[in-house]
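*Asks:* Residues per chain are reported as follows:
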Amino acid sequence: MSKVRVLVGTRKGAFILTSDGKREKWDVSGPHFAGWEMYHLKGSPADPNRIYASQTSGWFGQIIQRSDDGGKTWHQPGTPPGEPTTAPDGMPKGESNKFMYDTSAETGKPLTTHQFYDGTQHPWEFKRVWHLEPSLTDPNTVYAGVEDAAIFRSTDGGQNWKELSGLRGHGTGPKWQPGAGGMCLHTIILDPSNPKRIWTAISAAGAFRSDDSGENWKPINKGLRSQYIPDQDAEVGHCVHHIAMNPTRPGVLFMQKHWDVMRSDDAGDNWHEVSGNLPTDFGFAIDVHAHEPETVYVVPITSDGLHYVQDGKLRVYRSRTGGNEWEALTKGLPQKDCYVNVLRDAMAVDSLDKCGIYFGTSGGQVYASADAGDSWNPIVRDLPGVLSVEVQTLK
Amino acid sequence: MIRVMLPTHLRTLAHLKGDVELEVAPPVTQRAVLDALEARYPMLRGTIRDHVTLQRRAFLRFFACEEDLSHESPDAPLPEAVASGKEPFVIIGAIAGG
Numbered sequence: 001m002s003k004v005r006v007l008v009g010t011r012k013g014a015f016i017l018t019s020d021g022k023r024e025k026w027d028v029s030g031p032h033f034a035g036w037e038m039y040h041l042k043g044s045p046a047d048p049n050r051i052y053a054s055q056t057s058g059w060f061g062q063i064i065q066r067s068d069d070g071g072k073t074w075h076q077p078g079t080p081p082g083e084p085t086t087a088p089d090g091m092p093k094g095e096s097n098k099f100m101y102d103t104s105a106e107t108g109k110p111l112t113t114h115q116f117y118d119g120t121q122h123p124w125e126f127k128r129v130w131h132l133e134p135s136l137t138d139p140n141t142v143y144a145g146v147e148d149a150a151i152f153r154s155t156d157g158g159q160n161w162k163e164l165s166g167l168r169g170h171g172t173g174p175k176w177q178p179g180a181g182g183m184c185l186h187t188i189i190l191d192p193s194n195p196k197r198i199w200t201a202i203s204a205a206g207a208f209r210s211d212d213s214g215e216n217w218k219p220i221n222k223g224l225r226s227q228y229i230p231d232q233d234a235e236v237g238h239c240v241h242h243i244a245m246n247p248t249r250p251g252v253l254f255m256q257k258h259w260d261v262m263r264s265d266d267a268g269d270n271w272h273e274v275s276g277n278l279p280t281d282f283g284f285a286i287d288v289h290a291h292e293p294e295t296v297y298v299v300p301i302t303s304d305g306l307h308y309v310q311d312g313k314l315r316v317y318r319s320r321t322g323g324n325e326w327e328a329l330t331k332g333l334p335q336k337d338c339y340v341n342v343l344r345d346a347m348a349v350d351s352l353d354k355c356g357i358y359f360g361t362s363g364g365q366v367y368a369s370a371d372a373g374d375s376w377n378p379i380v381r382d383l384p385g386v387l388s389v390e391v392q393t394l395k
Numbered sequence: 001m002i003r004v005m006l007p008t009h010l011r012t013l014a015h016l017k018g019d020v021e022l023e024v025a026p027p028v029t030q031r032a033v034l035d036a037l038e039a040r041y042p043m044l045r046g047t048i049r050d051h052v053t054l055q056r057r058a059f060l061r062f063f064a065c066e067e068d069l070s071h072e073s074p075d076a077p078l079p080e081a082v083a084s085g086k087e088p089f090v091i092i093g094a095i096a097g098g
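So the protein sequences, as listed, match chains P and E. Counted the way the working numbering counts, the first sequence spans residues 1 to 395. Counted the way the working numbering counts, the second sequence spans residues 1 to 98.
One chain only, chain P, in its complex shape (with noise of 0.2 angstroms):
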């Protein structure tokens, strides 16, 4: 029978939820790497007993963890295979926290300096990641997209890892500004029909695509509007929230805008607007139905000053029409004095018959639908803030 296991980072430490096909119970387990910033956890599709973690702190900077066994153990990476995972004095290998940006002499160009808020040009300085996304392929191989904005790729399951400096080196690079949450690149989506072909986003700069595995990368943010800009229609400057794409249709994306809910249908080359009836297009959220490519789902938040749900009511808005047409979900979840957020990696669907779907919230809940949408229940209610939920479906 199938099972899933959710997989959820918070501000105090990350959890691990299981159940089997009919996700009606669930059994807990952590926190694990308690008092730790957890951004991100995901776990290969390839090897789905190898997840990857990202363990970050204010006073001690950024941990990789990674583990082989679902989940139940963890360490550092930085044992090559078939070694101890300890040193002769019973100490864990390991140092896989080096995150430096390429100032090499090979790119061409001196990666130095983006915009900062004052609009003066202020040096990168690494400060987390804030998404990790295996290789769809290999469990060895995976993505880093890190704060101050770039994106780094390990192949040797985490130890080392190098930049695909060509996104920062493109040109437009000093241009980009930091949002209030940080000069982020969170969101990376790897194409299933074509290995070389890349997504990334990043807050404050917009959307980019590689179509030669990383090396060069290109702004896809045509179409995009933007008031908090001089030129709304700028090549750069967009706050991006979050772009998620069904995996059997990867050329349509669906993007959850600082403002907007946008869709392309030629890989990002344009898009255009499908906010339709919200009640507001603002929010962080957007997830794609498994096995239907025109069921969206959104989590309308307030306003960019509000950041929590409208009218005290949390709702799951859900469009079967690619957008545009959208229908509020409320069955399971508070429809009064809610006033949580929910982020960007915070939502996820499963690939089960019917799909289910799953969020977590800034005041520590995570919801699960196991009818894609139409009813909700919580599985926790009062864990730290969660930052980041993904979902694998087990065999």
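The hints are simulated quantities; they were obtained by calculation from the structure and are not laboratory data.
Here are the computed lysine to aspartate or glutamate pairs in the EDC-like style, where the Cα-Cα straight-line distance is at most 20 angstroms: (1) P:Lys98 with E:Asp35; (2) P:Lys98 with E:Asp50; (3) P:Lys354 with P:Glu327; (4) P:Lys354 with P:Glu24.
Put chain E on the given structure of chain P with help from the hints.
*Replies:* Chain E alone, transformed into the frame defined by chain P:
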């Protein structure tokens, strides 16, 4: 033998239950102590000082003998009481928040 006290989260990361004891050849300086600490516990690299600049991370402090040594030169000799192991070299997370 130099004694080093680590904050709880770094002890957890290094799988330690108490203080660290390190052999450090003279002269005993901040840099020598941290080099020895990171050599023995490579998982701590980058958590106390920057990988490249080796600057102390902003929200960590170095205390010893009831003195704040955070702004001392990393190559300045540590107090004799630390070098002799009588007093620990304390790495502590700065107060942050409210």
